[in-house]
Amino acid sequence: MSGMLGSYLMLAAILFCLGLYGALTKRSAVIVLLSIELMLNAVNLNLIAFSKYGVVPGLKGQIFSLFNMTIAAAEAAVGIAILIALYRNKGTANVDEFNEMKR
Amino acid sequence: MFDFSFQLTGEYVAFFILAVCIIAGAVLMISFNKVIHMVVSLAFAFIGLAGMYVLLNAEFLAFVQVLIYAGAISILMIFGIMMTKHDQVDEDVRRPWHEGIVAVGCLALFGILFYAIRSTTFPTANWTPPKDNTLEIGKLLYTEHVIPFELMSVLLTVAFIGAIVLAKREAD
Chain A
1 MSGMLGSYLM
11 LAAILFCLGL
21 YGALTKRSAV
31 IVLLSIELML
41 NAVNLNLIAF
51 SKYGVVPGLK
61 GQIFSLFNMT
71 IAAAEAAVGI
81 AILIALYRNK
91 GTANVDEFNE
101 MKR
Chain B
1 MFDFSFQLTG
11 EYVAFFILAV
21 CIIAGAVLMI
31 SFNKVIHMVV
41 SLAFAFIGLA
51 GMYVLLNAEF
61 LAFVQVLIYA
71 GAISILMIFG
81 IMMTKHDQVD
91 EDVRRPWHEG
101 IVAVGCLALF
111 GILFYAIRST
121 TFPTANWTPP
131 KDNTLEIGKL
141 LYTEHVIPFE
151 LMSVLLTVAF
161 IGAIVLAKRE
171 AD
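As you go down the protein sequences, you meet chains A and B in turn.
Its first residue numbered 1, the first sequence is counted upward by one per residue in the working numbering.
Its first residue numbered 1, the second sequence is counted upward by one per residue in the working numbering.
A few of these clues could be false.
[As the list claims (entries may be wrong)] Here are the computed lysine to any residue pairs in the SDA-like style, where the Cα-Cα straight-line distance is at most 20 Å:
id, chain 1, residue 1, chain 2, residue 2
1, A, Lys102, A, Leu24
2, B, Lys85, A, Asn94
3, B, Lys139, A, Pro57
4, B, Lys139, A, Thr70
5, A, Lys60, B, Pro130
6, B, Lys139, B, Ala125
7, A, Lys60, B, Lys139
8, A, Lys90, B, Phe79
9, A, Lys60, B, Leu135
10, A, Lys60, B, Ala125
11, A, Lys60, B, Met152
12, A, Lys60, B, Lys168
13, B, Lys34, B, Met82
14, B, Lys168, B, Ile78
Since the hints were derived computationally from the structure, they do not count as laboratory data.
Next comes chain B alone, as it looks inside the complex:
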């Protein structure tokens, strides 16, 4: 019914190793007890995803992924843990039925996605990736997508000013 055949190419081997790293990071995030360990294992998964982007000819995005996710967001979350309860342990379940229902729902969603992906034949097209990925992305950003780009910078400014206002002490 489903076609699982594949050719053992270099890309497939690299994909397999990176996929094992990513899924291991994500599963460890689910199963660890201490909050800080969860953040570190998820940072590991984010670095694996950056490797996956290199595999997909998106070198610029791979560096952005390392900078933003593995760097900035992980550090931000560690700061968030340190500023709340830093020796916090995510305690054991008090509501096993809740976790069971969520697990069944997630597995059902995965089953649907699995069926949809495996029973579809995707049309393919040939594409030679540009030699300088960063240069081409920069050209596209400043010609075709310049309005979303500027809107994004406005949104970032607004969001960070809002974050500072929210997190600042009101008493001072």
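Next up, chain A with everything else stripped away, as it sits in the complex:
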């Protein structure tokens, strides 16, 4: 059944690359955050696939990805809070206009 593991890894690679492309090209900060969530999800899929089909199958991979989801939730909440604070100060939500540190 090692063919299934390859398929899962391939799907995760596609998702990771799509998330990377979205995170680097989209202008809206909300969508950049969501693309990062997509990349984290691809990693979760890898962890769970290896916890079923890997060399040492078990529940460890699922526990790791549970922790991963917690971190992702915290990251999304803090990211949205920073975004709302920035919007209040600058009146825009586009990432290419947050350039105070460039000047």
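We have chain A; now place chain B onto it with these hints.
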């Protein structure tokens, strides 16, 4: 060079349908113009990933995925859009060379990953999944992984208090 052979089992059929849903959601996220449509299509992809977790004998994680990603994070992002500019359109490219370079870089990364995955033979081991997935995860969380678990709860508390402090109006 690469081995693409597979057996047409039920798992493979379910995998294929779910994979089409997930990739369609992600690609639509890239190609839609309105921000709110992007969030909804990505929520669709997250629900497909939950189905994939069921396929991988991780039922508890599938429910957590639906609750946290398809529920909480999508709603949070929709709130984020509503509190900023809610009829926002991600405008067309002003920097086509930038998108081109990023696309080439992502495709190169995918090529490397594709080559690595397809040219590796993964050793396999037999494993019978436990009957009650949630029970076993709970036992592991409270015995072997209890310190990371408690650290995670502290981290969540700190992060959410920080988020409230950041998003609150300072003038009041």
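Outcome of the hint check:
1. A:Lys102 <-> A:Leu24: holds, 18 Å
2. B:Lys85 <-> A:Asn94: holds, 10 Å
3. B:Lys139 <-> A:Pro57: holds, 17 Å
4. B:Lys139 <-> A:Thr70: holds, 18 Å
5. A:Lys60 <-> B:Pro130: holds, 13 Å
6. B:Lys139 <-> B:Ala125: Judged against 20 Å, a Cα distance of about 23 Å means the pair is violated.
7. A:Lys60 <-> B:Lys139: holds, 12 Å
8. A:Lys90 <-> B:Phe79: Given that 20 Å is the threshold and the Cα spacing comes to 18 Å, the pair holds.
9. A:Lys60 <-> B:Leu135: holds, 14 Å
10. A:Lys60 <-> B:Ala125: holds, 15 Å
11. A:Lys60 <-> B:Met152: Holds: A:Lys60 and B:Met152 sit about 16 Å apart, inside 20 Å.
12. A:Lys60 <-> B:Lys168: Not satisfied, since the Cα-Cα distance of roughly 38 Å exceeds 20 Å.
13. B:Lys34 <-> B:Met82: holds, 13 Å
14. B:Lys168 <-> B:Ile78: holds, 18 Å
Taken one by one, the earlier hints fail for this structure at numbers 6, 12, listed in ascending order.
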